[in-house]
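Please construct the entire structure, taking both the sequences and the accompanying hints into account.
Residue numbers (the numbering used here), protein chains in the order written: chain F, -5 to 235; chain S, -5 to 235.
Heads up, some of the hints might be wrong.
No copy labels: a pair is met if it fits in one copy or bridges any two.
[As the list claims (entries may be wrong)] DSSO-like cross-link-like pairs, simulated, lysine-lysine; straight-line CA separation at most 30 angstroms:
#, residue 1, residue 2
1, K154, K90
2, K102, K90
3, K102, K154
4, K120, K221
Derived by calculation from the structure, the hints in this document are not laboratory data. All values reported here derive from a predicted model rather than from experimental measurement.
Next come the chains, spelled out residue by residue.
Number of protein chains: 2
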Amino acid sequence: MDLRIVLVEPLYQGNVGSVTRAMKNFGFSDLVLVNPCKLEGEARAMSSHARDLLENAKRVSTLDEAIEDCSIIIGTTGIAGSRFDLHLRVPGYSPKEMKERLSGRSGKVAVLFGREDNGFTREELKKCDMIMTIPTSEIYPVMNLSHAVAVVLYEFSSIKSAQAPLADSRDMRILYEHLAELLDDIDYPEHKKEKTNLMLKRIFGRSCLLSREVHTLHGILRKIQRKSGNNCEDDDADYEN
Amino acid sequence: MDLRIVLVEPLYQGNVGSVTRAMKNFGFSDLVLVNPCKLEGEARAMSSHARDLLENAKRVSTLDEAIEDCSIIIGTTGIAGSRFDLHLRVPGYSPKEMKERLSGRSGKVAVLFGREDNGFTREELKKCDMIMTIPTSEIYPVMNLSHAVAVVLYEFSSIKSAQAPLADSRDMRILYEHLAELLDDIDYPEHKKEKTNLMLKRIFGRSCLLSREVHTLHGILRKIQRKSGNNCEDDDADYEN
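Structure representation (structure tokens):
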């Protein structure tokens, strides 16, 4: 997603620094600041290792300049619509819903965040194509600016969690066979075997074992088999990865 | 979800304050601090309207005390497993995956966050049943503590976005009939009508109209009909909400 974060007249430099950190954490770098507060030591401290984003942020004096090359303008607001300005503020899609609405669309998307105290003006809201609202508690709905940015970028980020190498179905089948073999070896009551084998399958099945875990389990099972006096041939190459 | 946030030896009071704010934003209140730093003015400032959570946070001196009444212990880490401690850190479920794994389970869930500088010790990681990792950029994976808490709580929160009253299928059918009527009134070419009606249906269909927007659209259509000289009976009660 070609995403731009636009902060409209941010008041606290620490927040701006924190926003750059969250952006870099989620792999985004296009930041435009509309009439920001002074950005000095605290902003740099909060940006931490994202100081490059802070220094490269574009500064403009009007919202129009910030969004002129964008296809879709999204306003983020924590305040639900009142009767007075309902048409400006609804529907407020959640970040998840917004991500779905944006999927498959091309062009630069600007996500706007308003002032920490007063949010957006009506004129600014009018420039938005869609409104996004993070679902929060009615008791205390107003999020910290950088928290709101972090949540939105978490949802919009396409970074996937590193996939651990899960055991495949062959690994699992061999594990279940080994477990069944163990029940034989320890003279487990014949009439209980089927049920117990199924239970073991359910337990290990829902734990989504990694290949390396299956490997270690085989090692444990072999140790048990040896200790309990059963011949366990040493041709266990099948189980080695 | 019966959720507890556990901060293990947090170093910066501003972060602790920010964490309480994020918790209150997402409707959570059970916070346990293991050997926290001093919590003074900055913590209170960052907690904003969540000072009650800050004051009511339980302080303990060991992780064991923090989790003794919990059924599931989740460690949150931003650091992918190395060869050295792979079994301690993988699989690292994303918050979304973790939420799915927890669905339907009862009992108190403790979500642990480590020190800002050094995360968890190996001993602490060993106490965790599962590991959660927020998918972040390899270039700068280390999130601010309160940002990480905010993202996890956003994902775990059951607060739904306020549903705007969408037009129902009857509303939409009547709107499409009105649009078709308008095409008749303006002598739209007969052979194009079917295609154009379908296009209008597609356009308004994908915009997920609110009831009030449908209402206003009928008003516009009636104005057009009157202006274009067609009789438009005044029994439009159907369209009034």
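Quick rundown of the hints versus the structure:
1. K154 to K90: both (16 angstroms within a copy, 11 angstroms between copies)
2. K102 to K90: both (18 angstroms within a copy, 26 angstroms between copies)
3. K102 to K154: Cα proximity of K102 and K154: in one copy and across copies (22 angstroms, 28 angstroms).
4. K120 to K221: between (76 angstroms within a copy, 28 angstroms between copies)
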